[in-house]
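**Student:** Residue-level listing of the chains:
4 protein chains.
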Amino acid sequence: MTDRAYAWFEQKQRERGINLDEVKAALKALAIETPSWGYADQGTRFKTFHYRGAARTPFEKIDDAAVVHACTGACPAVAIHIPWDRTDNYAELRAYAESKGLRIGAVNPNLFQEPEYMHGSVTNGNAAVRRKATDHLLECVDIAKTVGSGALSLWFADGTNYPGQAPIRQRVIWMRECLQEVYAKLDPGMRMLIEYKFYEPAFYHTDLADWGMAYNMAGKLGPQAEVLVDTGHHAQGANIEHIVAYLLGEKKLGGFHFNSRKYGDDDLIVGSMNPYELFLIFYQIVDALRDRDAGVRKQAADIAYMIDQSHNIEEKVPAMIRSVLNVQTQFAKALLVNPEEVRLAQERQDVLGAEHAVRSAFEQDVGPLLAAFREANGLPADPMQAFYDSGYLDKLRARG
Amino acid sequence: MTDRAYAWFEQKQRERGINLDEVKAALKALAIETPSWGYADQGTRFKTFHYRGAARTPFEKIDDAAVVHACTGACPAVAIHIPWDRTDNYAELRAYAESKGLRIGAVNPNLFQEPEYMHGSVTNGNAAVRRKATDHLLECVDIAKTVGSGALSLWFADGTNYPGQAPIRQRVIWMRECLQEVYAKLDPGMRMLIEYKFYEPAFYHTDLADWGMAYNMAGKLGPQAEVLVDTGHHAQGANIEHIVAYLLGEKKLGGFHFNSRKYGDDDLIVGSMNPYELFLIFYQIVDALRDRDAGVRKQAADIAYMIDQSHNIEEKVPAMIRSVLNVQTQFAKALLVNPEEVRLAQERQDVLGAEHAVRSAFEQDVGPLLAAFREANGLPADPMQAFYDSGYLDKLRARG
Amino acid sequence: MTDRAYAWFEQKQRERGINLDEVKAALKALAIETPSWGYADQGTRFKTFHYRGAARTPFEKIDDAAVVHACTGACPAVAIHIPWDRTDNYAELRAYAESKGLRIGAVNPNLFQEPEYMHGSVTNGNAAVRRKATDHLLECVDIAKTVGSGALSLWFADGTNYPGQAPIRQRVIWMRECLQEVYAKLDPGMRMLIEYKFYEPAFYHTDLADWGMAYNMAGKLGPQAEVLVDTGHHAQGANIEHIVAYLLGEKKLGGFHFNSRKYGDDDLIVGSMNPYELFLIFYQIVDALRDRDAGVRKQAADIAYMIDQSHNIEEKVPAMIRSVLNVQTQFAKALLVNPEEVRLAQERQDVLGAEHAVRSAFEQDVGPLLAAFREANGLPADPMQAFYDSGYLDKLRARG
Amino acid sequence: MTDRAYAWFEQKQRERGINLDEVKAALKALAIETPSWGYADQGTRFKTFHYRGAARTPFEKIDDAAVVHACTGACPAVAIHIPWDRTDNYAELRAYAESKGLRIGAVNPNLFQEPEYMHGSVTNGNAAVRRKATDHLLECVDIAKTVGSGALSLWFADGTNYPGQAPIRQRVIWMRECLQEVYAKLDPGMRMLIEYKFYEPAFYHTDLADWGMAYNMAGKLGPQAEVLVDTGHHAQGANIEHIVAYLLGEKKLGGFHFNSRKYGDDDLIVGSMNPYELFLIFYQIVDALRDRDAGVRKQAADIAYMIDQSHNIEEKVPAMIRSVLNVQTQFAKALLVNPEEVRLAQERQDVLGAEHAVRSAFEQDVGPLLAAFREANGLPADPMQAFYDSGYLDKLRARG
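Protein chains in written order, with numbering that gives the first Met the number 0: chain A, 0 to 399; chain B, 0 to 399; chain C, 0 to 399; chain D, 0 to 399.
Source of the hints: derived by calculation from the structure; they are not laboratory data. Among the clues, some could well be false.
Identical chains blur together in the list; that is why a pair holds if it fits in one copy or across any two.
Here are the computed lysine to aspartate or glutamate pairs in the EDC-like style, where the Cα-Cα straight-line distance is at most 20 Å [claimed, not checked]:
no., residue 1, residue 2
1, Lys-219, Glu-346
2, Lys-394, Asp-349
3, Lys-219, Asp-292
4, Lys-144, Glu-180
5, Lys-131, Asp-381
6, Lys-11, Glu-339
7, Lys-11, Glu-362
8, Lys-46, Glu-115
9, Lys-131, Glu-346
10, Lys-250, Glu-176
11, Lys-184, Asp-20
12, Lys-11, Asp-381
13, Lys-219, Glu-249
14, Lys-46, Asp-20
15, Lys-23, Glu-9
16, Lys-219, Asp-381
Build out the structure end to end from the sequences listed, making use of the hints.
**Tutor:** If you want it as structure tokens, here you go:
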């Protein structure tokens, strides 16, 4: 049936004015980094359920990431988290990853799990704590160089729980001083990705609370510093695709942490709560890929796509595959928007026509396209089925 | 100075038409239950910081609660949590509490920390899990009888993370069946308090997601079942005092879990984020205490006030005292609303006049009143200072 | 191409275990009422843009509704709003509608546009205003009988803007007294649909603020009173499909006002902001249509589907058609969920499997199905194109 | 009683370490601009209730503003709105204001009430509309020069209602081009205040949706462009005082539009929904007034405080007085925070101590202070009473 389905799909898209060769080239270029911590047990503040098969070491996490890549062909890199993935030999870790066909992606420092950080890390009023935090960041830059990573991905839990608790303006200055020191150590090609978050674990103010604060910080640091958008880190109702478009226009969008949320930072499977939002994010990216400003095009092409979800009640490896498939699905749909149709409707200020041009792409069933694309690239047409057929799940569960 | 301050305060309130004897009688009747778990370490999903002095056993928790009561005179009961406060001799626990001048308050079952409950407790599709959950509830009823508690306080973490995960309507039926079995075991004077929560730890749907679902469940169980309002369990913008007023009108408001939030269920010190909201809640309660319907008056008088906060970065015992003081402060202010002034303004549809009558009470400084009230009742005028002066903090820290 | 597309679609659904005959029967049964006011100019508080062609009289509105029905075949009824559609001869209005192949749907009283209602209608502290409001409701019951409508659809703007402004509990009683009087006048087959709203135009408290208050009111009135869910009337993050499922389980869901929102009560084209949410609402309805409780099945079958959107910047008639098509699309997708697949996954507590069973239906492209269904029923395969081809837009614009 | 009350207050503050002379000097420096449009009828999209006495002409609005200033002594300027306050002789308008003891404050262009602006003003895809919008802005610069205003206050309703409707990134460029042209015409001392808004009247994306977009635009325009914070223009939960502190640190906070909200942009009486939030905003400002960076101090001292509320159901002039009094009240409380107490608690990372230092200032009753301050400045101790005693309300109502 696949052939017939694809033939029909192709014809339909041709009628819609879509060149599927370009679509497939774009799909081929899509690389999604998976996070090492997504293969280990995670939970809520109420309970971390242990899953049989959860990865326990950096090496097991790489094993799992390799399986996800084998099934999907879309996940050639794995992000690491220090100290969760600390080893005494990072070159070995890198070699292990490469032996599995992976590279090490972003290096993620941890500045929230040691007692000293209760009142902040790079914003702490105590200079010794800021020193310790900065040293950890510098250590991560070194690790990045060793493992061949091109990105330092920074999320700060820093903030306060009560009015008056700390000097808000001064903390901005302290953070900038620390990050400037770290920025100076980056190799020319490296990126510093700066994440923001609306709240949690700080419940009154978060030092980098929104894209504006991350953007302003990145601007002060220099061109290698960029903003990282975690799709779960916004206020209710925030138009994330607008922020994405805006940052692309400013040439400061560095990457994504993809996950889903309905309420807080729920860290659910990507695209599971509001798939249209994910599609609209990709629509803005695809639109930027065609911008007349080459700088915008380059920025869009260089986006680092990363998954950052927390599997509390679902089996980890297939949940990660599900996220990857959902990302591919919405990206593929975004590629089916006919830009000329949108442009013409916008020019005649035809609201219904422009909305239709975008939404109708979302309504396409890209199953036949993705199956054909995968087969043409030597991949299983149904990656999830391939995973279940692989017997890997049994191997995982044997871990205990 | 206190005397002069109080004299001036008294004169001012007399001019405002307030009878301070009634105010003091109401203050005297205010009993606030503190939670045993509030004296132990708590945290966010990112980190539980250990505090030197955090209570480690049910007995240490009672010690701490007794100190809070000694300082404030307002906290004669301590809520317990099973299994966190499990002992092999509940009569002993009760006796220990009583020896410290306390009684055991609400018994709080835990239906979220065992692996079986990953997919729900009394709503679990697996009948054996529902049985286990119901048995735990029944055990808690027995414990309540043994410790002399008048209330079973129920919070369910039950819910789902994804569309389709479980049959929503069927789970309502399962929960009702379980609770009916538990309800049947209550002694005549006991209350079953049913809490609701907007989200977390379930991130798609929570089986008791709002007051309406808790209220409907309580109504089906019978008159001893009532709704418990946790002030941190609502959607952003929800008018909590409206819900309070509504439930009082329906004679189904059983009690409160007080805490503060700005974002999610942040569990901060009571009254620290939006003191006016706490005041307005008490304004509705005070208004109900004067209802012409005796049933509404009784309902308001019988409210169980409980604190449920999580001290992540603050010292636990003084944070609890702070919450108690904030509750007293806002309750005292609510008692300073002149009901006749409000009524007359409402009758002439004078928006500004009615708003003024309520807000102006909030603007009073009730410090002199509370100090005088405490001294008259043999309590320290400044409970927080009394705590720091008591040397108890050093004792606590010696726990390690 | 349509035939090939449909053939492929049919084969695919057969493989997914879906019986398309049942799907088409359900589609055929779907009747969506359009609102007369949706054909007239509407706006925000900042500006009502006039549209050339906006309907100016009840008769023009019926003309427009008839066009929507002619194009879609799904909109046999038009809701009216009193006094916006006031005439001196309702029998004539009915006859006019019937001559156009329509029936008059729900009658919507207006209790917010006269100066007397500034402080409330059925909750007003002034008994004369409550009388006036009740009389208007009674008038609307009479009109409903005259025009052959089976439903009185009640939305109250009643509420307050400031704390203390009005006696919250007393207003509940006043509203109940008024509605009891109105309820008593309903013919046996008539329904009273009670709508709730989170906020606006009242900005402190709304007397019927959520489903729980509407549900409780309906319960006190009697079996002919039911809850109406407007999809734009909830707090951010509220799980609307959960509320829908819950009300169906309680046999109290009477109908919908469909529209879209991203922020407040934005009243945008149905399904335009979050199509997955609309799909999930229909998934719960379709699930209820198969409940083992006949009462739940009947309740689901009898839902009154109504559109209530406000076209501020878009052409009105095609915007209405777009909303109708979006409703049909998401309903059709919901019918493609394989209930057995969901049930089995739920029973084995397979989160990923259950989620997949639901989401995969959403990912189907139902275009071929709807085109085939329409053609089989003598309707244009593409209703929007049919509208533009009809020349009706030119006629409309001639209205000025 | 006032004297005794003040004496006690003074003693108490002395004990708290507060110098009341500095407090009074700061209060004296507080100038709050009232908006001309706040004296005219306003409403929601459902209804604009007419108020007897609502101002109908620019001159009547100035009359009303003069009364507010006479009663409060705090409102020496009135903001105007073009074209609502359009006259053929702006020199005459200025002279009229000056004859009433007022000056003309910010000039507010209107770019949302003409049909051309349905798809945007300075972001419109149609260059002719952008030209028209820019010309209107230039006209307003001229008016500002004529009336002696130092500020152009810009709020744009620009945005879209649906995905795809317009090219988001391009609109940023168009807006910048228009504003650069306007900026170039400013006199050296003039400020361009740029307002942002989360949503409404655009319901999908707003071109300046948050402080970050306004800040970035202001930065690109130059030092005379600054951000204006409207307290009702944020997502639920946004920490406004954090944004205020941040913008002060960046020396880009130009001014405020004060009002209250619980839900959307409700435009209620300032400080009526969450007085603690207003206090915390002022706490950040007062803190910045003492910054060691002279630039930050200057920025804080130069903030333009403006009221922008919409009186839907309340009498306009007294509602404006109420807002002014609430601003003064919270500012006065913020001045009672002992900065040294905060600093020391912050330095020892004493969360409870720092929180107490801030909150305890809020708990003071500043009534005696404000009464004494007013009397010392030849103003009525109770401005609201003075207004009601003035007979002005009767004069107003005579307008019809």
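**Student:** Which of the listed hints are broken here?
**Tutor:** Of the numbered hints given earlier, those the structure breaks are 1, 5, 11, 14, 16, listed in rising order.
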